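Q: Construct all of the structure, not just a fragment, from the sequences and the given hints.
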Amino acid sequence: MVKALEKVLTGIEGLDEMLNGGLPRKHNVLVMGGPGSGKTMFGMQYLYNGFIKHGQKGAYLSLEETPERLIQDTGQAFGWNLKELVENQDLFILKMEKFNFQNLMDMMQSTILQQNVKRIVIDPLSLMHMCFKNETEFRVGLFNMLEFLGQQDVTTLLIAERSFSERGGIEFGLEEFITDGVIVLYNFTRKNERIRALEILKMRGTDHSKNIYPFHITPEGIVLLQEELL
Amino acid sequence: MLKSEAMVYDLKHQLDLGKLSKLDYLDYADEEKTVLERRSDEVRIFFFSDGKITAFVEGQGFDYLKEKIASAAVDLVTAIEDIKRTLGLKFDTKEVLSLGSQGDIVDVDVSVRKTTKSSVDVSVLRNLHLALYDIAGDFQAERVASQAGELKAREFVSSIKPDSKDELIDVVAKRFKEEGIGILEKIEGDQKIAKDAVLRIHESAFAAGMPYVNRAVCNYIRGFLRGAFVKFKNSEAISVNETKCWGTGSTFCEFHVMSLGG
Ligand SMILES: Nc1ncnc2c1ncn2[C@@H]1O[C@H](COP(=O)(O)OP(=O)(O)OP(=O)(O)O)[C@@H](O)[C@H]1O
Ligand SMILES: [Mg+2]
Numbered sequence: 001m002v003k004a005l006e007k008v009l010t011g012i013e014g015l016d017e018m019l020n021g022g023l024p025r026k027h028n029v030l031v032m033g034g035p036g037s038g039k040t041m042f043g044m045q046y047l048y049n050g051f052i053k054h055g056q057k058g059a060y061l062s063l064e065e066t067p068e069r070l071i072q073d074t075g076q077a078f079g080w081n082l083k084e085l086v087e088n089q090d091l092f093i094l095k096m097e098k099f100n101f102q103n104l105m106d107m108m109q110s111t112i113l114q115q116n117v118k119r120i121v122i123d124p125l126s127l128m129h130m131c132f133k134n135e136t137e138f139r140v141g142l143f144n145m146l147e148f149l150g151q152q153d154v155t156t157l158l159i160a161e162r163s164f165s166e167r168g169g170i171e172f173g174l175e176e177f178i179t180d181g182v183i184v185l186y187n188f189t190r191k192n193e194r195i196r197a198l199e200i201l202k203m204r205g206t207d208h209s210k211n212i213y214p215f216h217i218t219p220e221g222i223v224l225l226q227e228e229l230l
Numbered sequence: 001m002l003k004s005e006a007m008v009y010d011l012k013h014q015l016d017l018g019k020l021s022k023l024d025y026l027d028y029a030d031e032e033k034t035v036l037e038r039r040s041d042e043v044r045i046f047f048f049s050d051g052k053i054t055a056f057v058e059g060q061g062f063d064y065l066k067e068k069i070a071s072a073a074v075d076l077v078t079a080i081e082d083i084k085r086t087l088g089l090k091f092d093t094k095e096v097l098s099l100g101s102q103g104d105i106v107d108v109d110v111s112v113r114k115t116t117k118s119s120v121d122v123s124v125l126r127n128l129h130l131a132l133y134d135i136a137g138d139f140q141a142e143r144v145a146s147q148a149g150e151l152k153a154r155e156f157v158s159s160i161k162p163d164s165k166d167e168l169i170d171v172v173a174k175r176f177k178e179e180g181i182g183i184l185e186k187i188e189g190d191q192k193i194a195k196d197a198v199l200r201i202h203e204s205a206f207a208a209g210m211p212y213v214n215r216a217v218c219n220y221i222r223g224f225l226r227g228a229f230v231k232f233k234n235s236e237a238i239s240v241n242e243t244k245c246w247g248t249g250s251t252f253c254e255f256h257v258m259s260l261g262g
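As they're listed, the protein sequences go chains A and B.
Numbered by this note's numbering, the letters in the first sequence go through residues 1 to 230 in order.
Numbered by this note's numbering, the letters in the second sequence go through residues 1 to 262 in order.
Take these hints with a grain of salt, some might be off.
No more than 30 angstroms apart at the CA atoms, straight line, and that leaves these computed lysine-lysine pairs for DSBU-like [said to hold, decoys possible]:
id, chain 1, residue 1, chain 2, residue 2
1, A, Lys95, B, Lys177
2, A, Lys26, A, Lys53
3, A, Lys98, B, Lys195
4, A, Lys83, B, Lys161
5, B, Lys161, B, Lys233
6, B, Lys165, A, Lys57
7, B, Lys165, A, Lys83
8, B, Lys161, A, Lys95
9, A, Lys98, B, Lys244
10, A, Lys53, B, Lys165
11, B, Lys161, B, Lys174
12, A, Lys98, B, Lys233
13, B, Lys233, A, Lys57
14, B, Lys195, B, Lys174
15, A, Lys26, A, Lys57
16, A, Lys133, B, Lys244
17, B, Lys244, B, Lys195
18, A, Lys83, A, Lys98
19, A, Lys53, A, Lys83
20, B, Lys233, B, Lys244
21, B, Lys165, A, Lys98
22, A, Lys95, B, Lys186
23, A, Lys57, B, Lys161
Here are some of the chain B residues that sit facing chain A, going by a computed Cβ distance under 8 angstroms [to be verified]:
id, residue
24, Arg154
25, Ser158
26, Arg226
27, Glu236
28, Ala237
Read the hints as simulated data drawn from the structure, not as lab findings.
Remember, predicted model here, so these are calculated numbers, not experimental data.
Where a beta carbon is used, it is the ideal one built from N, C-alpha and C, also for glycine.
A: Right, dumping it as structure tokens:
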């Protein structure tokens with residue numbers, strides 16, 4: 001008998017339905033999109049919901065934005081009291097000061113094994129390149145990191161910056177092939193109007209919706225409009 | 001002649017020195033199962049594919065061996081095994097054999113460790129540490145050893161509860177000295193380089209006297225220092241870098257401790 005994969009609910013309205021019950025537990029998922037497409041918000045919402053709705057601790061490993069900015073810009077806009085979660089050590093927002101892979105791994109390992117973190121976001125993965133001398137070393141590091149994460153009871157979002165304006169205009173990199181799942185956030189222009197939309201490009205081990213659904217950024221965060229196919 | 005008795009670390013159980021089982025080496029010398037052999041002056045260490053590590057001294061009994069392998073080495077092994085289990089690390093027998101590392105003998109020149117006197121048989125400790133690189137690969141070896149240090153430090157600092165940073169550094173220095181890990185020296189460093197502390201370790205048990213290998217190897221110490229500061233500051237936002245090491249051509253090891261913003 002094939003054992004059904006355990007799922008981790010994102011708590012993002014509409015998305016868990018698209019995913020047939022959530023992200024597969026212990027998998028790592030690439031979330032990619034262009035500038036301002038909502039990647040950071042998506043990642044933070046995953047961690048916020050993780051604790052508020054499901055009691056799971058999370059770690060946000062930020063390579064770009066400071067914890068203050070994340071708490072301010074991403075938290076307060078939606079009335080998420082990230083400060084309190086951070087103070088209670090239910091959410092860890094860790095900003096790398098220098099691009100050092102060993103430091104990143106130390107923090108990741110420690111929050112997982114010592115603090116019992118179950119959800120991790122790395123934002124943006126692209127900046128992890130800066131930790132390495134060349135592309136080959138980056139690849140080795142990425143493989144090692146994903147293998148390490150795969151051995152832990154942790155479900156990870158890796159955030160990647162990709163510039164594209166239309167579906168089909170994506171050029172795939174190594175990351176898309178070696179991660180367990182890929183979610184794409186679009187930011188189209190249509191008749192002078194910006195449309196945000198989300199697509200599950202792949203999700204190993206589970207059936208999922210193949211449609212592109214628009215989403216809105218509401219006062220509660222990202223909400224998918226499932227009745228409106230794009 | 002006395003039959004050689006071996007000490008067996010069973011990776012499936014948490015062990016301390018008192019609880020180690022002994023068995024005749026001959027009972028365990030099964031070529032089929034041997035993954036890797038390490039040797040340091042007298043002590044021979046075998047790693048087996050069924051998850052056991054055994055150590056013995058030719059022609060010697062268990063008591064002699066127990067004296068040779070001091071508690072710090074056992075501490076490290078115990079911690080490593082704990083973490084290996086937690087990390088779900090599996091030794092890949094085939095891979096290790098294909099690396100051709102079977103039978104490696106590492107000469108450890110520990111003559112530079114003039115002042116660090118302790119019961120630690122450094123060459124045994126060093127060989128276990130290096131064996132870990134061979135068996136698990138560089139990345140995992142680094143992870144396992146640093147996590148072993150973190151675990152030990154967290155327990156230690158939780159039990160001591162130091163009131164100030166100076167007290168923290170003092171108690172860590174005392175412990176390192178007692179365990180023979182090394183001599184810790186506090187450096188008045190550049191606040192911009194390392195906001196929290198610049199610490200030097202002389203005569204590192206993991207590195208002193210070793211040749212240039214183009215990498216810092218004192219992962220256990222790095223992890224220990226991180227764990228100590230994390231507990232002391234009650235913050236995960238701590239980074240510790242080993243900026244100098246025997247392994248990178250220095251004659252001491254240096255660590256920079258930084259609290260990250262937030
Ligand atoms: N309170 C809000 N209500 C509606 N939309 C908002 C709100 N706050 C931010 N936005 C929108 O979300 C976008 C930023 O989202 P986010 O920072 O998550 O994007 P990103 O993909 O991480 O961007 P970057 O590529 O810069 O990292 C803003 O450009 C803005 O359009
Ligand atoms: Mg962002």
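Q: For each hint given before, does the structure comply? Return the numbers of the non-compliant ones in rising order.
A: 1, 10, 25
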